Each structure stands twice: as structure tokens, then as C-alpha cells.
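Given the structure of chain S, go ahead and fit chains Z and U onto it with the hints provided.
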Amino acid sequence: MKTNQSISNLIKEHSTLFILIIPLLVVAIAAQFASSMVFQRIVTTLFINLILVLGLQVFMGNSGILSFSHIGFMGIGAYASVLFSMSPQAKMAALPDLYPILQTVQLPFVMALLIGALIAALVGAVLGYPLMRLSDAAAVITMFGMLVIIHVVLVHWSEVTNGPRTLFGVDHLTTLWTAVIFGILAIVLAYWFRESSLGLKLRASRDDRYAAGSIGINIVIVRWMGFILSAFIAGFAGGLWAHFITSFSPSAFYLAETFTILAMLVVGGTGSVTGAVVGTVAVTLAREGLRALENGINSSGAVSIEVFGLTEVALSVFLILVLILRPGGIFGSHEIQWGKKQMLPVEENSSGNGQ
Amino acid sequence: MFTLDFVINAISLGSLYAIIALGLVIVYGILKLVNYAYGELIMIAGYMLFLLGSAGVSPWIILGISAVFAATLVSYLTELVAFRPVRTKSMTAILVTSFAMSTLLQNLVLLFVSPRSRAVPLPALFSKSVNILGSDVSMRNILTIVISLTLLGALSLLMKRTILGIALRAAAENFTMTRMLGVPANMVISVAFILSGFLAGVVALFWVGRSASVTPTIGTAPLLIAFVACVIGGMNSLTGAVVGGYIYGIIFSLLSLFLPQSLLDYRDAFMFAIVILILLFKPEGLVKGGYVPERVG
Amino acid sequence: MLVLNKIHARYGAITALRGISLKVEEGELVALIGVNGAGKSTTLSTIAGVLKPVQGEIQFQGQSLVGKSPEQIIRLGIAMVPEGRDIFPSLTVEENLRLGAYTRNNRMEYKQDLDEMFELFPILGKRMNQPGGTLSGGEQQQLAIARALMSHPKLLMLDEPSLGLAPALVDQIFELVVNLHNRGVTILLVEQNVERTLDIADRAYLMRTGKIEDEGTPQHLRERVDIEGVYLGDHTPNKA
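Residue numbers (the working numbering), protein chains in the order written: chain S, 1 to 355; chain Z, 1 to 297; chain U, 1 to 240.
Pulled out of the complex, with its shape left as it was, chain S reads as follows (with noise of 0.2 angstroms):
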């Protein structure tokens, strides 16, 4: 009788979980055994950008500060994760001029994943850790010159990375289920990362510099800590993409798709999990309708021209309505939960300008 209680009450305190993993897990059935490739392709798609999506959301969300470097580090943790995963021989075909060293070894495939976000949480954490002290529009261009940076690195490293050119041979190791299990995972882990004390003191840092300062938060160091989580999450959702898509280049970790899971975090709720989630599945849905709205246009040959970019002008109309109508997004900061009354998103503090 007691056990049952407490696994009632566990469930209700942690509702939010229970609330968005479920209705994911059924769609991920129906996905299993749906005949529709494309269907499948969808859904494992969404479970990734959804890790992607839930690694921002644990450190802009709690931080507050524009992570505009996020995709970097998911182009990291595919190019590194692609190295340890691919045969000796794939590399030698794909990648030529890659170091000795690198050419031999070869790992499976979730260790791959592994070292390909610890390589990115690596590299989060160094490049990271001087920027953490700052705020405003300097934490801005800086993330963003950190982004630039990876780019630039990702683009000219010809040995690693052959260049802007694409990288071919990639195994087709992601399945609908890798996906699925590792974005559950991600989820508990985003949830478990903003009710935890760092969570906690990371939001106090983001509500109130001083306050959170004069009671003993290191704010850098809990930045820091933050920054070092999202890079290893954004990582492995580069390394599970990669196997994905198998073959990718550069082009793919830069503006455009920072512009994507911007726009699915801000749309859902950046203070919140829920939001990442909803956000995610919103914006997934409305680019695969607005793109096979395209493809049917253009093939149709309804109009003289090819509708290119239809998906990404819808889709950033869309995000700035969202911002004006409502900033803190569909779910703001407060997570599902049940039996609570859902409150609106609270607009977050005005930084005084135009007042």
C-alpha cells in the first residue's frame, strides 16, 4: 500500500515526464509500424532535433543567454563521431589526407556517439569557459563569433573533415528506435538538469546577477557547467544525425539551422521542457506540411517559377508573430504538469528599452 503510494505521488510530482514521453512513445509506435518510409523519416527526424533542441533549451533556458553556438557543437560531435564509427576503409575512400592515427581506429557505434560528444563537450568547455563572464550584447557576438569560428575550422580542416566538400560513407546506423530511446533520455536528462540545484542556481544567475551573486552563486562557474551539458547533448544529436543522413558537409551547422531550432524553442517556451518538446513536434509538422507544400507546387508546375525558401519565410513570419504576440512562447516557463492549472508564459523582464 505505501509503495503504491509513493509511485503515485513520484508520478504526480514528475507528471511533466509522464505528460510529454508517453504521447511521443505512441507516436513512435505508430511510426513502427506504419509502412510509410517517409513517415518513419519524419518521426526519427523530430527525435533528433528534439535532443538538439532539448540541449539549447537547457542552457539558454536556464541561462538566458542567446546560445547562438549550439549548432556548432552539433557539427563537432558528427565529424568526431563519424571518424571512430567509419571503417578503416570507408575513411581511406572518403577521407584521404586523414591522420594515420585516426585512419585505423574504429569503434561501435554508441561509443562513437560518446566520443563525439565529449569531444564537443570538450571543446565547449575551453572555448566556453572565458565567455561565460560575459553578458548582454557581448555574450551575443561572441557565441556568435564562436559558431563563425567552428565553421570556419569545420570548412578549411580538409584532413578531418574533407572540407566544405561533402562527406560520403557515413553508416546508416541511427535507427527510428536509437533515435527514440536517446531522445526519452534527453528529455529526463533537461528535466532533471532544471530541477536539479544547478538548474536552480542557473536561473537565479539568469532572474538576478547580483541577488544570485551576493548569496553565493559562482555564476561563471555555473554557466560554465551548463554550457559544457548542452554541448555534449548538442554533440550527440550531431553524431546521431550523421548516421542518419550519412553524408553530410559544413554547410549543414551553420546559420539556417541555427535559425531552425531557434525558432522551435522560442515557439514552444525557452524557460521550459515542455516548451522545447512542443516546440520541436510544432515546428517539425509545420516545415514537413510547408515542405511538401513546395515540392507539390513545383512539381505540379502550378507556377512558371520553383518555389524555393517557401518553408523558411513561413516558418519566420511565424516566429516573429510568436515573438510579438506572445515572447515567451506557447509554454513559456512553466512546465505541463497535472492537475496544475496552466498558467500563461510570463513575459519575460524588459531590459528597459523603449519603456
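Do not rely on the hints blindly, as some may be mistaken.
Some but not every residue of chain U turned toward chain Z, in silico, with C-beta under 7 angstroms [said to hold, decoys possible]: (1) GLU71; (2) ARG75; (3) LEU76; (4) GLU83; (5) ASP86; (6) PHE88; (7) LEU99.
For lysine-lysine, the following PhoX-like pairs were computed, each having C-alpha atoms within a straight-line distance of at most 25 angstroms [to be verified]: (8) U:LYS126 with Z:LYS160; (9) U:LYS111 with U:LYS154; (10) U:LYS52 with Z:LYS32; (11) U:LYS111 with Z:LYS160; (12) U:LYS211 with U:LYS23.
Here are the computed distance ranges between Cβ atoms for each label pair [claimed, not checked]: (13) S:LEU321 with Z:SER114: 38 to 44 angstroms; (14) S:TRP192 with U:GLY164: 46 to 52 angstroms; (15) Z:PHE69 with S:TRP157: 42 to 48 angstroms; (16) Z:ILE62 with S:SER251: 35 to 41 angstroms; (17) Z:SER117 with S:ALA292: 26 to 32 angstroms; (18) Z:SER114 with S:SER197: 22 to 28 angstroms; (19) Z:ASN131 with S:TRP157: 43 to 49 angstroms; (20) S:GLN106 with Z:ASP265: 46 to 52 angstroms; (21) S:GLN89 with Z:PHE6: 45 to 51 angstroms; (22) U:GLU25 with Z:LEU280: 54 to 60 angstroms; (23) Z:ILE62 with U:GLU109: 51 to 57 angstroms; (24) S:TRP157 with Z:SER117: 22 to 28 angstroms; (25) S:ALA292 with Z:ARG161: 55 to 61 angstroms.
Keep in mind the hints are simulated off the structure, nothing from the lab.
Just so we're clear, the structure is a prediction, and the values are computed from it rather than from any experiment.
Ideal Cβ placement from N, Cα and C applies to all residues, glycine included.
This is chains Z and U only, laid out in the frame that chain S set:
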């Protein structure tokens, strides 16, 4: 090695970079907003040149004026439609809006024109060169310098002598106090965006003048340059941005001369690493008289 | 001239004003006194339109101020000199004053006003082309007040003009306020320096934690201060 042509080229590049930086900092100084869509204003001007050119409009001066006008108008409209409603919300919301606007503008052009590079007509004057002191100097470079200096002079007069300029400078220092003296907030901000758009338009004329073509992503490179130049010179000072632009332009010209291509590829990464270092150790920039952004640790 | 009726105002989640009611008649010098954090500055900010009240009414010469922007409020004739002076450091003295006259549209008048300011504040005349940031604290305070006067305000609000100034300068400032009052300028003065303020005010309100705790003549409030033995942040020793 240091021929007159090289020197003029370096100064020309510096002048161009100075104007690029100025366009960004004018909005930043007042709104504390890093306008990611700034690069796209340059792109829009470039596409205006292409569109009018393919429609057979001539002479070129009409194309040029229309291009600058287009950039100015789009800048004004983006503020009115997107930034004004978001102005009172959080800084993150404003930044994401500017990034969304950048994506929107790029993709509108992609959608309605073409994703492929398009040729842009240039005035005949650009390809001429003039022989000065025994060296062949490109007219385009000379024009860049002359026009940039004229613009800088005009802006300087605007800022120092007119009440509008005084109001703009005051708004950059203390926006609320400026409003309390009766200066309308909306007007000041609109003017800043108009000036920013105008400068972007002029930049476009010379930027596409280097490659004679335009693509939807042509705005990214100038945006990066603007960031670097502004940080070097100090984010909150108009003079700083100009000086930063000149420094960056001249350093880049020198580096292009001495460094091998393989290293030059990493230029952007290198410059941003410097940017990051400056923001860490001397956030007010290398030029005196700027505002110091807050440091936490 | 100015009437506040049950004004409630908030800074984010903190309620700063809880039902403030006060009035200022034309030609009066009214003071708001109280310790740090009592809500005196918040009251001025609310009148000036920088802060929007969540409840209550503000009337100025028959017009409601609630919901109006700062730009509109100065045009109605209320000028504020904020705490900390808030002059524009990189603008010259003259440019600061020029901006003060933004709401006036008369070149002739501007020249006259400028001369008048330099008469009232000779030091500003001397430093006319120097950046505001190079002026001393006392000079900046004078500049801030002169700038406010350039708009020909019907009501002048001063927020802690003596804050951070050396005693000799404090004298100067208070003399100036009296001077302005004698010239007929209606003044709402916020101060922590209770002694000097009660010396010059026609009436005063005592604020504490967002409420008006007492009001009346300086005489009345002086007795109250003595009885309560509360120094209200005044650093000069009690006369008793």
C-alpha cells in the same frame, strides 16, 4: 610592394569597412540591439541593382539611388513591423526577432528571385583606372574613399550641428532621459534605422562592385565585418566603429599581402578569436570613449 | 495643480507605492521626505510617466497623466531632474541645454533662455563647450536643473538634488531651489536631507514603505521627527 595602388586599395577597404561598421553601430548605440538583419539590407540593395538592371533601366545612377532607397525603406519597415512591437519585451526576444528577420529577408529573395548568383550591372566608371604618380589606381577604389569620407563628414555634421543629431547621441547615452526631455522615442529609433539602411545601401554599391554579382547570402560577410570592426573600435561609439573599420580594413589588406592563402582561409575564425579576446579584456574597445558592457565574473 | 489620488505602482513584482495621495498647488514648494526606499523617487517617476501606475489617478491642471508617455508629460509642463542628475556626459553643456529646450520651438527664445541660464549658473557659461562628463558633481547638478528649466516647466520635480554633494555645494543647491521658488516656479522636491528641506518647504509629506505616513507644515513634521526620535537618514545632529 607598397605601391600607391596598394595603399589606395587598403584605405578604400578601410573606408568601406568603416561605413559597414557605422551602419550597425547606429542602431546598436540607441537600442542596444545587434541587428542581425543588417547584412540583408546590403543584399536587398544588391538585388535592386540586379532587378532594375535586368529590366533595362539606365543610367546606372538611377539604379544606384534606387538600391540605396530600397535598403533604407526596408530598414525602416522592418523596425516598424517587427522591432517596434517587440521592443519592450526581453532582449532575447528582440535578438531572435532580428535573426528571424534576417532569415525572412534572405528567403524572400530566394523565393521571389532565385537561389543562384545573379550578375549585377556596374557603372562604367568602376572599371576605369587613373594613373597617379606612375601607378594605375582603380577608380572604384577612389570613389569608395571619396564617397565614404563625404558620408562620414555629412553624418558628423548631422550629429554635431542638428538637434536631431544631438537627440540621437543623447538617446544612445540615456534613452529614458532623452524621452523625458520630450524627444519621441519612435522618431529617434526610426531615424536610426533609416540611417542604418541608407549606409547599408551605399555599402552594397561598392560591395557588389567587387564581384559584380549578388547572392541571397551576400549579406553575411559584411555583417561579420561589422561585428569585428565595432568590437575593435568599441560598440557604443560612432567614432569607434569608424576607426575600427579602418583598422580592420588596413590590417586585412596587409595580411592579404603577407599571409599564404591557406592561412587567409581561416581569416574569419582568426578575426573572431581576436574579437572574443577584446571583449574579454578590453570590452570598451581599443578606441577611447565607449561604454563598458557588464562583466559578471 | 497636481493631484495624486491613491496611486499604486510596482517595480516588477515589488509593490513600491501603496495608495499615495498628495497634491501640489501652484507656486508651492512641496517636499517628499523619508528614508531610502520609502518610494519618493518612485512617486516622481510615476508622475513623469516613466513608471505606469497599476491603480489610481494623477491629474495635472485638470488633465489625467496616467498612461501618458514621458514625451507627452513634459509637453504638459512637468520637468523632472532625476536622482543622479542624468546629464549626457558626452554632450557639451550647451548641447545638454539645447536638448532641454527640445519642446520649445523658438530660436529667439532659446537664445534668451540660454543667457538667463548662464546668469543663474555662471559656471555653466564658462563651461559651455565642455562635455558634460567633465563637470564636477555640483556643476552637473546645476546643469541638470538648468536643462529642466529650459523647457519652461510649470512644475519642476527635483529628485535628491543634494545627494553626493559636498556641504558647501549643498548650501548652493538649496539656495538655488529657494531662488527658483521665489521666482514663482512650482516645485516638488524629494530629499533625504530633512533639516534643510523643512527649512525651505511650504508643505511636506513624510513617506515610509510606499505610503504617506504624515503630511503638513514643516513645523508639524519637525515636531513629529523629534517625538519619534527618527533621524530619517539625516546626518546632521538633532537640534535637541
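Against the structure, the hints:
1. The closest approach between the C-beta of GLU71 of chain U and any C-beta of chain Z is roughly 5 angstroms, which is under the 7 angstroms cut-off, so the hint is satisfied.
2. Residue-level restraint check for ARG75 of chain U holds (minimum Cβ-Cβ distance to chain Z is 6 angstroms; threshold 7 angstroms).
3. The interface hint given for LEU76 of chain U is broken, as the beta carbon of that residue sits about 10 angstroms from the closest beta carbon of chain Z, more than 7 angstroms.
4. Checking GLU83 of chain U against chain Z: minimum C-beta separation of about 12 angstroms lies over 7 angstroms; hint violated.
5. Hint status for ASP86 of chain U: holds, given a least beta-carbon distance of 5 angstroms to chain Z, under 7 angstroms.
6. Given hint, PHE88 of chain U at the interface with chain Z, holds; its Cβ is 5 angstroms from that chain's nearest Cβ, closer than 7 angstroms.
7. Contact between LEU99 of chain U and chain Z, as hinted, is supported at the beta carbon level, the nearest pair being about 5 angstroms apart and thus within 7 angstroms.
8. The suggested pairing of LYS126 of chain U with LYS160 of chain Z holds, with an alpha-carbon distance near 20 angstroms, which does not exceed 25 angstroms.
9. For a cut-off of 25 angstroms, the pair hint linking LYS111 of chain U to LYS154 of chain U stands: about 20 angstroms separates their Cα positions.
10. Simply put, LYS52 of chain U and LYS32 of chain Z have alpha-carbon atoms about 23 angstroms apart, close enough for the 25 angstroms limit, and the pair holds.
11. A threshold of 25 angstroms between alpha carbons decides the hint, and for LYS111 of chain U with LYS160 of chain Z the separation of about 18 angstroms falls inside it, so the pair holds.
12. A hinted pair counts as satisfied when its Cα atoms are at most 25 angstroms apart, and LYS211 of chain U with LYS23 of chain U qualifies at roughly 14 angstroms.
13. The given range of 38 to 44 angstroms is broken by LEU321 of chain S and SER114 of chain Z, whose C-beta atoms sit roughly 27 angstroms from each other.
14. Separation of TRP192 of chain S from GLY164 of chain U is about 49 angstroms and conforms to the stated range, judged on CB atoms against 46 to 52 angstroms.
15. Remark: the range hint 42 to 48 angstroms for PHE69 of chain Z to TRP157 of chain S is upheld by a beta-carbon distance near 43 angstroms.
16. Roughly 37 angstroms separates the CB atoms of ILE62 of chain Z and SER251 of chain S, a value that falls within the hinted 35 to 41 angstroms.
17. A hinted range of 26 to 32 angstroms for the beta carbons of SER117 of chain Z and ALA292 of chain S is consistent with their spacing of about 28 angstroms.
18. Between SER114 of chain Z and SER197 of chain S the C-beta distance comes to about 54 angstroms, which lies outside the given range of 22 to 28 angstroms.
19. Separation of ASN131 of chain Z from TRP157 of chain S is about 44 angstroms and conforms to the stated range, judged on CB atoms against 43 to 49 angstroms.
20. Look at GLN106 of chain S against ASP265 of chain Z: about 30 angstroms separates their beta carbons, and that is not inside 46 to 52 angstroms.
21. In this structure the supplied range 45 to 51 angstroms holds for GLN89 of chain S paired with PHE6 of chain Z, their Cβ-Cβ distance being about 50 angstroms.
22. Checked against the given bound of 54 to 60 angstroms, the beta carbons of GLU25 of chain U and LEU280 of chain Z, roughly 57 angstroms apart, stay inside it.
23. At roughly 44 angstroms, the beta carbons of ILE62 of chain Z and GLU109 of chain U sit outside the given window of 51 to 57 angstroms.
24. Checked against the hint of 22 to 28 angstroms, the C-beta distance between TRP157 of chain S and SER117 of chain Z comes to roughly 26 angstroms, which is consistent with it.
25. For ALA292 of chain S paired with ARG161 of chain Z, a C-beta distance near 58 angstroms keeps the hint of 55 to 61 angstroms intact.
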